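Here is how the chains run, residue by residue.
2 protein chains.
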Amino acid sequence: MIRRRPALLLALFGTAMPLQAQRSTPTPVVLDAKIATLRDKALADTSAYSIVEGLTTEIGPRPPGGSAAQARAREWSVARLKAMGFRNVRIEPYTLHNVWERGAETGEVVAPYPQPLRLTALGNSGATPANGLTAPVVYFATLNDLLLAPEGSLRGKIAFVSNTMQPTQDGSSYGSQGSARFVGPNVAAKKGAAALVIRSIGTDHGRGPHAGTTNFEAGVTPIPAAALSVADAENLERMVKLGKPVTLRLVLTPRFVGDRQSGNVVAEVPGTDRDAGIVLVGGHLDSWELGTGAIDDASGIAITAAAAKLVMDAGRPRRTIRVVWFGDEETGGYGGQAYAEAHKGERHATASESDFGADRVWRVETNFAGAAKPVGDRLAMALAPLGIVRGTALAGDGTDIGPVIRTGVAGVDLNQSGLRYFDWHHTPEDTLDRIDPAQLQQNVAAWTTMLSIVANAPEEIGPVTPRG
Amino acid sequence: MIRRRPALLLALFGTAMPLQAQRSTPTPVVLDAKIATLRDKALADTSAYSIVEGLTTEIGPRPPGGSAAQARAREWSVARLKAMGFRNVRIEPYTLHNVWERGAETGEVVAPYPQPLRLTALGNSGATPANGLTAPVVYFATLNDLLLAPEGSLRGKIAFVSNTMQPTQDGSSYGSQGSARFVGPNVAAKKGAAALVIRSIGTDHGRGPHAGTTNFEAGVTPIPAAALSVADAENLERMVKLGKPVTLRLVLTPRFVGDRQSGNVVAEVPGTDRDAGIVLVGGHLDSWELGTGAIDDASGIAITAAAAKLVMDAGRPRRTIRVVWFGDEETGGYGGQAYAEAHKGERHATASESDFGADRVWRVETNFAGAAKPVGDRLAMALAPLGIVRGTALAGDGTDIGPVIRTGVAGVDLNQSGLRYFDWHHTPEDTLDRIDPAQLQQNVAAWTTMLSIVANAPEEIGPVTPRG
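Residue numbers (UniProt numbering), protein chains in the order written: chain A, 1 to 468; chain B, 1 to 468.
For reference, chain A alone in the conformation it holds in the complex:
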């Protein structure tokens, strides 16, 4: 708590004064009363749930990689965004190159304890022969243990990297524990492994494997790589620990299918001041195919659009708010890259994305520079009644806004609680049932508050030094 006290003081009294001055003559931040009115209205708004419900019911899974379902989702989105009253609603197409496409994916223990295993191929995984690959398992408790394996020691074998992950509110355990997925297959391939399986990067104990992409270095031939469900990985770990050699059979038949067309969906709330810069918000429309992509990321696109509509309905803002529902985030952020390329001549004031589920926003972080710093103070003040604290790190999180952020655009991050997110992230369980409507509405209130303040800020919001 003590650690946070300076941030609280900043929220209440702004950043302009040194600490001594705050003790003697604090100048509190004062907010327009309309902000609170709009925030409370947003707390009762159900349009975000309606978007998540519609997309997960009428479209369902929206696989990245130029899928027909993602194309249907774009059409659905254009219709919905037009119906909501947005302007300049359009699809901005782009081309994906050398698309990876999921195939069959099954696994089983052949010996000594024959039984099926639930798994899913990692994005960019290589393929087994169509009739499968049967090989002994070499167990590694952590990625570090795999890194320590002698070169060539895995030839003809299936590396199994276990790995535990605990929930964290800020999601930081995904970064630390996710490396088994991000780099494990490449490491195993370089050491000659025939294939690799990991324990899913997840905090659950269920049977739904967690999908996700991995990458191989140039010159490294992709090996078959899959994530076991956490329950299956724990079972396999128990088998290994019984001491007898364990043999697996994997059937993974993904393939690279060449170039495909895809696109982003864009909608706008035109502002009164064309020179003040665009306020960019959004999430991603694609989803892994195991679930219906409710928390990842129908909720993000729903939250940002619902908030933009509430601000639009409250009167034309100073800055144009641009809502982008990005395509193909899951396999590498291709929609975000295409957006940045297509709009590189435009001035953006801020960029923010919602891509961490639908649980409550607990923290706001910004990186405003110079004259724009008071905007951050007002944000923190306005968001505090929603239970949101002010963080101290530099904002700018997000795969899709990353290419824009890296050009020096200010970020505003509204961080959602990650305590449940990795129970369902990229699994079959990512469905509408996981959405808590009250928490979803708190998100809409936070984003509405943020957009109202940022889009109408009289200050100049200038470029910032992007974080390293």
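Simulated from the structure, these hints should not be mistaken for lab results. Keep in mind that this is a model prediction, so the values were computed, not measured. There may be inaccurate statements among the hints.
Claimed, not checked - Restricting the straight-line Cα-Cα distance to at most 25 angstroms, the calculated cross-link-like pairs of lysine-lysine (BS3-like) are: (1) A:Lys-241 - B:Lys-241; (2) B:Lys-34 - A:Lys-82; (3) B:Lys-82 - A:Lys-244; (4) A:Lys-191 - A:Lys-244; (5) B:Lys-244 - A:Lys-82; (6) B:Lys-34 - B:Lys-241; (7) A:Lys-373 - A:Lys-34; (8) B:Lys-191 - B:Lys-244; (9) A:Lys-82 - A:Lys-41; (10) A:Lys-241 - A:Lys-191; (11) B:Lys-41 - B:Lys-82; (12) B:Lys-191 - B:Lys-241.
Fit chain B to the known structure of chain A by using the hints.
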């Protein structure tokens, strides 16, 4: 609470005296101090967890119907029960007739919202053509609505019976809500439906469908019948409510494969008094194949065997305790029927089974008659410190002990809490991870206490009138 007061008084003061007498000169039940010592020892015993862990890890799913995995499980069980020190450990074989065997099982919405659905065939389901059945859906909110459908109105259509189920501590919602599975397919077949899907009989909101058996009347041709996961059923229900005709494609290829061999596993703690009757306890060794059968029912066989061993190690009991790990419960209680047939000449004092998961025992019920009634009073007194209340219904629950109970053998039911059970019952999620070791040990303590009292009771435990 008022409802329960008479039962509490019975527990504390026995059943022999009328209520007036209890108020003036209560004679408290007094227990041998060894009972509490053994109960406390059992609370710390980890052997039940070890059995569940071993069976789910080394064997995994144990499908009913004469499967190789169930045969391996019998061999594993014989070795484990011998190692625990039981006597007369053996497999008692029996023949299964006209065995139903699961095949392929996939489903999808074809129109207007194409996406996959997760489902599993119900036991005794008919088959679709190998390349699937495509037909429009007719929605029924409840089984009663299906029953009201005009004869012939379902011809060429897929009936979809939704149905909600809330958790109940005593599991009674399975009886009331399960009828959609138990009789729905037969009703739909008689009305000419091409197939039927139900919302899984479960209290979760997950993607794992709940397997289970259904039955068709003689003369009714089985139609393809499957359970959608609760999340998929909720999604399909939303689609139906959007008002456009919904078309499904089902691929279900189960078949009847003729006769198969199977068996029960039997182990004994020989008693000193051969004439006092056998105390029969057990659970079932088979499991549905989607999970690894941890709560259904590795935990039941583990609890009963662990308790019998603790009583055995405390000294030879008066009555023989017979532990039976029944086969093929899931498809119709065939192991229980075979046991009753094979042992019909023997005298059983009591019969009890554990087949409701691994959560804590919350209630004991008995149906002792005549001179044996004080045994029930002592049981209630001894179990109360474990948080167990005395119920007022007649005991004798269980598919496997049913055939023995129906011959007039006294039952002792130790009822587990069902508040979580139907989240995972018959789903892929029934794995070791669902076992709470502390609650499992409370079960062992309850069963140890029960066996110690019943097997050593000096009273004659005679026949009872079975409940209707």
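Results of checking the hints against the structure:
For the proposed pair Lys-241 (chain A) and Lys-241 (chain B), the alpha carbon gap of about 51 angstroms is over 25 angstroms, so the pair is violated. Between Lys-34 (chain B) and Lys-82 (chain A) the alpha-carbon distance is near 77 angstroms, which puts this suggested pair outside the 25 angstroms criterion. In summary, the hint linking Lys-82 (chain B) to Lys-244 (chain A) is supported, as the alpha carbons are separated by about 22 angstroms, within the 25 angstroms threshold. Restraint check: the Cα-Cα separation between Lys-191 (chain A) and Lys-244 (chain A) comes to about 23 angstroms, which is no more than 25 angstroms; the hinted pair holds.
Of the pairs offered as hints, the one joining Lys-244 (chain B) and Lys-82 (chain A) holds, with about 22 angstroms between alpha carbons and a cut-off of 25 angstroms not exceeded. Of the pairs offered as hints, the one joining Lys-34 (chain B) and Lys-241 (chain B) is violated, with about 62 angstroms between alpha carbons and a cut-off of 25 angstroms exceeded. A distance of roughly 21 angstroms separates the Cα atoms of Lys-373 (chain A) and Lys-34 (chain A); the hinted pair therefore holds under the 25 angstroms criterion. Of the pairs offered as hints, the one joining Lys-191 (chain B) and Lys-244 (chain B) holds, with about 23 angstroms between alpha carbons and a cut-off of 25 angstroms not exceeded.
A hinted pair counts as satisfied when its Cα atoms are at most 25 angstroms apart, and Lys-82 (chain A) with Lys-41 (chain A) qualifies at roughly 22 angstroms. At roughly 23 angstroms between alpha-carbon atoms, Lys-241 (chain A) and Lys-191 (chain A) fall within 25 angstroms of each other, so this suggested pair holds. Between Lys-41 (chain B) and Lys-82 (chain B) the alpha-carbon distance is near 22 angstroms, which keeps this suggested pair within the 25 angstroms criterion. Pair hint Lys-191 (chain B) plus Lys-241 (chain B) holds up; C-alpha atoms about 23 angstroms apart against a cutoff of 25 angstroms.
Hint compliance for this structure: hints 1, 2 and 6 are broken, all remaining hints hold.
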